[in-house]
Amino acid sequence: MGKCSAISTLGLVMVLTFAPKLRSQTPAPNAATDSAKKWNSVPPPMSAYVGKKSGPAPRRDLSGTWDAAGMQEALGTSGAIEHPALFPGRKGSEGGRPDETGIEHPLPYTPLGLAALKANKPSGPGVRQVHAALTNDPAGKCDPLGFPYMELWEFRTVKLVQTANQVILISPFYGNYRIIWTDGRELPTDPDPRWNGYSVGKWVDDYTFVVETVGLNPNSWIDHAGRPHSDQLRVTEEFHRVDHDNLQLTMTINDPKMYTEPWLALNKLPLHLQPADFDIPELLCSPSEMAEYNDQIGSGAAAEKK
Amino acid sequence: MTRTNISASLLVIGLLATSVSLFAHHGAASYDTSKTITVTGTVAEYVWANPHVFVKVDAKDDSGNIVRWNIEAWNPVTQANRGWSKSTFKPGDEVVIETRPVKNGQPIGQFAGKIEINGKQFKLHND
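Heads up: the sequence lines are chains A and B, in that order.
Counted the way the numbering used here counts, the first sequence spans residues 657 to 962.
Counted the way the numbering used here counts, the second sequence spans residues -9 to 117.
Read the hints as simulated data drawn from the structure, not as lab findings.
Note that CB positions come from ideal geometry on N, CA and C, so glycine has one too.
Worth double-checking, as some hints may not be accurate.
Unchecked claim - Calculated pairs, DSBU-like style, for lysine-lysine (alpha carbon to alpha carbon, straight line, at most 30 Å):
1) A:K693 with B:K76
2) A:K777 with B:K46
3) B:K93 with A:K774
Said to hold, decoys possible - Label pairs and their computed distance ranges (CB to CB):
4) B:P81 with A:D951: 13 to 21 Å
5) A:P764 with B:V57: 13 to 21 Å
6) B:K113 with A:T892: 36 to 44 Å
I would like the entire structure built from these sequences, with the hints used as guidance.
And the structure:
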């Protein structure tokens, strides 16, 4: 025992002696090069991930900063990625149609759903696009995007934080956040509406986290193409951790008032893990800046031709 | 005004093919996707703001009158990812900007190609 103890002590002394020296020999990554690079980090392009090897997925863990690389795919400017409001061949981005007849992946509207769709005037590119000054998109007034709009339009870099009883999603685009309870509570029945709804999540296996959300404010839209929803909307998300560096997000929309059957909004949207020191840039919606934009650009652009 | 006085002219330089990705942009319905105009003038103001960054440029039209152009880019994050910043343009800068104009003839446009600031070529707005 005494010998073991002596060896342990010697080992400890060696570690303490040499550790600082080892540390000092290892250059701090990027620290002295350019501190500005530590801020407003820029995610790499999709090509950076091609052929990149990843370690195994940690068990029941989504935490980290995730980027939906390949911005154009994730932007959803023409509506939910699986159902863009575009004709076959991704044509028809400049509006001019009152409804979505003929788009490539049509949605199963109820009569009420179709009427609600027509009342929504989207400014994003698509077959129903209107001038920026004529839109009634909640985002056009800097209203909260709410959920699921925040994940179906401009889904940029997000942060997932796991605590003992919640998963928190922080999406700096328009300053969004979500609280997903994991403490086993039931979803509320007939709750007061909330822009971000009421969410509960559970692990269905060690790598798949399923979230159900209800109680969503019908004043929000589903996506940037003006797809409507009612207070009966229920959204199911599946976050699947493929391996250490990769996560996939699948989202199903179920709103029996507006749609005759559930539909897939996201199908395994790839999300890529970013370095721990990734600083997500800010992109908020400022009502006064929006008003100036509409005054200087939107209104003039929408005016009748001279 | 002479032909060499570039700042006095707005020149339609050509037709461009378009794509959805080019106009993944709100309000793009207003723009004439078949046309590119070169706006040459002096920066009056540069607005680094949401939802879209834009620059106000005073350019002379063919009659020598000063016309205030508002030319928009995308949001600050997208622009920053392309190397723009709050100080890319300054009031007084002499600029040449390829612009996609609105359909209704107003002096409003989107960045659509080459950008020259005080005689130096700046990054192409290549989305």
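Q. Which hint numbers doesn't this structure obey?
A. Those not satisfied come down to hint 5.
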